[in-house]
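Those sequence lines, one after another, are chains Z and G. Letter 168 of the first sequence, counting from 1, is numbered 175 in the working numbering, and no numbers are missing. Letter 43 of the second sequence, counting from 1, is numbered 71 in the working numbering, and no numbers are missing.
The hints are simulated quantities; they were obtained by calculation from the structure and are not laboratory data. Backbone N, C-alpha and C define an ideal beta-carbon position, used for all residues, glycine too. Among the hints, a few may not be true.
Claimed, not checked - Simulated DEER-style distance windows between Cβ atoms:
1) Phe432(G) to Ala83(Z): 21 to 29 Å
2) Thr440(G) to Trp87(Z): 22 to 30 Å
3) Ile135(G) to Val303(Z): 13 to 21 Å
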Amino acid sequence: METVLISVLNGLVYGMLLFMLASGLTLIFSMMGVLNFAHASIYMLGAYLAFTVSRFVGFFPALIIAPILCGLIGAAIEIWGLRRVHHNGHIAELLFTFGLVFIIQRLVQMTWGMLPMAYRVPASLDFPLFVLYGANFPAYRGFMLLVSAAMLLGTWLLLKKTRIGLIIQAALTHPQMVSSLGHNVPRVFTTVFAGGCLLAGLAGVIGGNYQTTEPGMADSMGPIVFVVVVFGGLGSLAGCFVASIIMGMIQTFAVVIDYSIADLLRPMGLMLTGDTLLTEVLTVPVARIGALLPFVMMVTILFFRPRGLMGTRDT
Amino acid sequence: MKSRWLIPALIAVAIALPWCFYDWGHHRHAGFLLSMLSQMGMMVILALSYNMLLGQAGLFSLCHATFFGIGGYATVHLLNAVGAGDLPVPMELMPLLAGLSGLALAILFGAMATKQRATAFAMITLGISELMATAALMFHHFFGGEGGVTTNRMIENSLFGLTYASGLQVYYLILAWTVLATGLMYYLTLTPLGRMANATRDNFERAQFIGYDPRMVRFLQFALSGFFAGIGGGLYAITYEIVTFDALAAPLSANALLMAYIGGTTVFGGPILGAILITLLQSGVSLLSNSWLVYVGVMFIAMVIFAPTGLAGIIKAHGPIRHSGRLGSLVVPYLRLVIPSLGLLLGFVGIVELMSFLTIGAAQGRKLVLFGGPVDVHAALPWVISCGSLILGALWLRIEAAGFHRIWENLTAEVRR
Chain Z
8 METVLISVLN GLVYGMLLFM LASGLTLIFS MMGVLNFAHA SIYMLGAYLA FTVSRFVGFF
68 PALIIAPILC GLIGAAIEIW GLRRVHHNGH IAELLFTFGL VFIIQRLVQM TWGMLPMAYR
128 VPASLDFPLF VLYGANFPAY RGFMLLVSAA MLLGTWLLLK KTRIGLIIQA ALTHPQMVSS
188 LGHNVPRVFT TVFAGGCLLA GLAGVIGGNY QTTEPGMADS MGPIVFVVVV FGGLGSLAGC
248 FVASIIMGMI QTFAVVIDYS IADLLRPMGL MLTGDTLLTE VLTVPVARIG ALLPFVMMVT
308 ILFFRPRGLM GTRDT
Chain G
29 MKSRWLIPAL IAVAIALPWC FYDWGHHRHA GFLLSMLSQM GMMVILALSY NMLLGQAGLF
89 SLCHATFFGI GGYATVHLLN AVGAGDLPVP MELMPLLAGL SGLALAILFG AMATKQRATA
149 FAMITLGISE LMATAALMFH HFFGGEGGVT TNRMIENSLF GLTYASGLQV YYLILAWTVL
209 ATGLMYYLTL TPLGRMANAT RDNFERAQFI GYDPRMVRFL QFALSGFFAG IGGGLYAITY
269 EIVTFDALAA PLSANALLMA YIGGTTVFGG PILGAILITL LQSGVSLLSN SWLVYVGVMF
329 IAMVIFAPTG LAGIIKAHGP IRHSGRLGSL VVPYLRLVIP SLGLLLGFVG IVELMSFLTI
389 GAAQGRKLVL FGGPVDVHAA LPWVISCGSL ILGALWLRIE AAGFHRIWEN LTAEVRR
């Protein structure tokens with residue numbers, strides 16, 4: 008029971024972190040049709056910037072400053088990069104963001120070095136929030152949940168209740184019409200791209216000390232975020248939310264399940280012996296194939312439902 | 029036309045090159061050159077087969093290395109089986125079997141991935157690539173975990189009685205297969221399938237109206253490119269006698285993309301050019317500098333923005349001017365571009381190297397040495413020179429490029445008339 012409860016809480020924290028990243032990616036995608044491969048790189052940049060900024064002004068100002076810096080970087084990428092390749096089609100835009108991944112990766116290594124950064128949880132949040140069946144739940148994880156919930160609420164309010172959100176939603180589906188009505192659609196695009204990068208940066212700030220701030224963090228996070236976006240359905244925020252939570256739960260629960268397919272077969276009277284590829288596949292415990300599960304899930308859902316969980320359109 | 033003698037000449041150069049650097053004093057071949065040439069052969073196959081997707085069918089795949097890697101793993105296991113006497117297959121046909129294993133896997137994954145096109149296709153292939161890379165680290169029987177699987181290529185089973193003990197014999201095997209695979213891939217572009225792949229790339233709805241199933245075209249193209257990638261992987265396994273997780277991981281897929289795109293996806297020979305260039309850079313620059321990925325990345329992005337047709341596309345654009353015999357009038361404008369470009373390059377390389385020696389180099393305990401003397405990366409002077417050179421070069425190049433553009437436009441307009 009206690010492992011279930013703690014895993015649920017941890018899964019929720021991880022899922023919300025994934026959602027922060029995936030929501031920005033989905034927003035950018037549904038708006039501009041561009042899948043930003045460099046999204047996880049911006050996440051990494053957010054963590055590194057937060058580390059550097061927090062050394063001078065402390066964690067809480069960094070929580071504001073680093074995402075804004077990431078947003079500005081995003082705006083610069085959109086204005087000077089994406090807009091120039093836009094007329095060459097979607098493949099060119101994909102390739103452009105793909106090239107950015109390499110450059111940001113190496114720039115980070117060149118600026119901060121190859122070793123992990125000592126980016127730690129701030130002292131004011133470094134205490135156990137409550138004790139559950141003898142296990143501590145760190146206050147910082149509660150803080151992460153709080154920030155991501157606030158972000159979720161903020162994004163929702165911005166999109167649904169304000170005039171800016173109205174224009175963004177309209178530009179999503181009818182860019183020509185919105186443009187004819189006198190709105191500057193390219194600027195809306197820039198805003199959305201910068202906003203998405205800002206969210207990724209925020210995720211980096213609170214994720215950087217939850218995981219480790221090191222040059223490999225973009226590579227380890229990137230594929231999972233793409234899986235979430237595809238699993239939830241390209242362009243659907245609600246699907247993205249559900250997929251993030253599911254993915255967070257799966258990743259945390261997989262670690263604690265020590266059963267394999269062979270254990271399921273045993274009560275049916277099937278015993279596996281020998282040392283072949285088949286027995287290896289069947290006897291590997293779920294805990295070990297946890298890293299494999301997201302990709303298996305993605306391939307499975309694409310096989311049965313190519314649009315993803317809640318996607319409304321093909322690409 | 030030029031291309032009539034270009035192909036035999038290229039093959040002749042490839043055959044002769046190991047002998048040009050033959051060490052007569054010690055009676056042996058230059059090992060570095062041979063391994064680089066062998067690497068080039070594999071990469072040519074990889075890049076060309078990747079271009080069957082990106083250039084010819086407009087499919088942005090991120091799992092190409094999966095098929096390369098599976099060809100490699102299959103070859104290692106087959107070689108071990110032949111070595112143990114379980115399987116009578118001559119060495120020369122090994123890459124064919126590797127290709128077939130790539131084909132089988134590409135049929136399996138292609139059935140899923142080619143349901144979609146454009147962005148969704150790219151995402152699914154990314155998932156497949158990660159799936160296979162994670163599985164490779166997990167299942168030790170086939171993939172051997174992090175250590176990989178090793179083999180011995182001296183299986184004493186050859187059509188021509190060769191032992192493949194020397195690098196030279198392996199290189200000629202690779203060369204033969206590269207020529208064969210390149211020829212086949214070129215032939216494929218002439219078949220109805222190749223033409224339909226172009227049609228679905230340019231306008232898949234119209235292709236559908238004519239009565240072709242774009243998905244089937246995508247699927248066939250995907251499966252066949254998996255076949256050729258598998259051949260490349262087979263040659264990889266034969267050359268290095270070890271296949272690790274690197275052979276099917278994402279960086280190699282990205283490499284295939286870089287080679288095909290920088291070389292030029294619109295011309296059949298473009299990826300060959302790209303593969304040769306990138307392999308040269310990889311074995312040359314990566315020895316000198318920590319940051320060669322930055323250079324390749326920046327080159328790639330510059331290509332995406334300024335020259336989407338790649339290097340081969342740029343060369344091809346000179347065709348009409350050359351035909352009219354006006355190529356000479358471009359010499360001076362090109363020369364005027366050289367100095368500001370060099371300035372820009374120098375400044376950029378300077379800043380990148382200074383930055384990387386400040387952090388990574390310091391951690392490795394290495395010192396930046398330029399012009400025979402050590403350079404203090406903490407001093408202001410090298411930074412000022414680099415920044416100044418970068419900014420001046422960029423501004424000057426902007427002016428010169430505008431002038432060049434004008435001359436180019438005038439010339440092409442004249443030639444067309």
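Hint compliance check: list the failing hint numbers for this structure, sorted ascending. Per hint list: zero violations.
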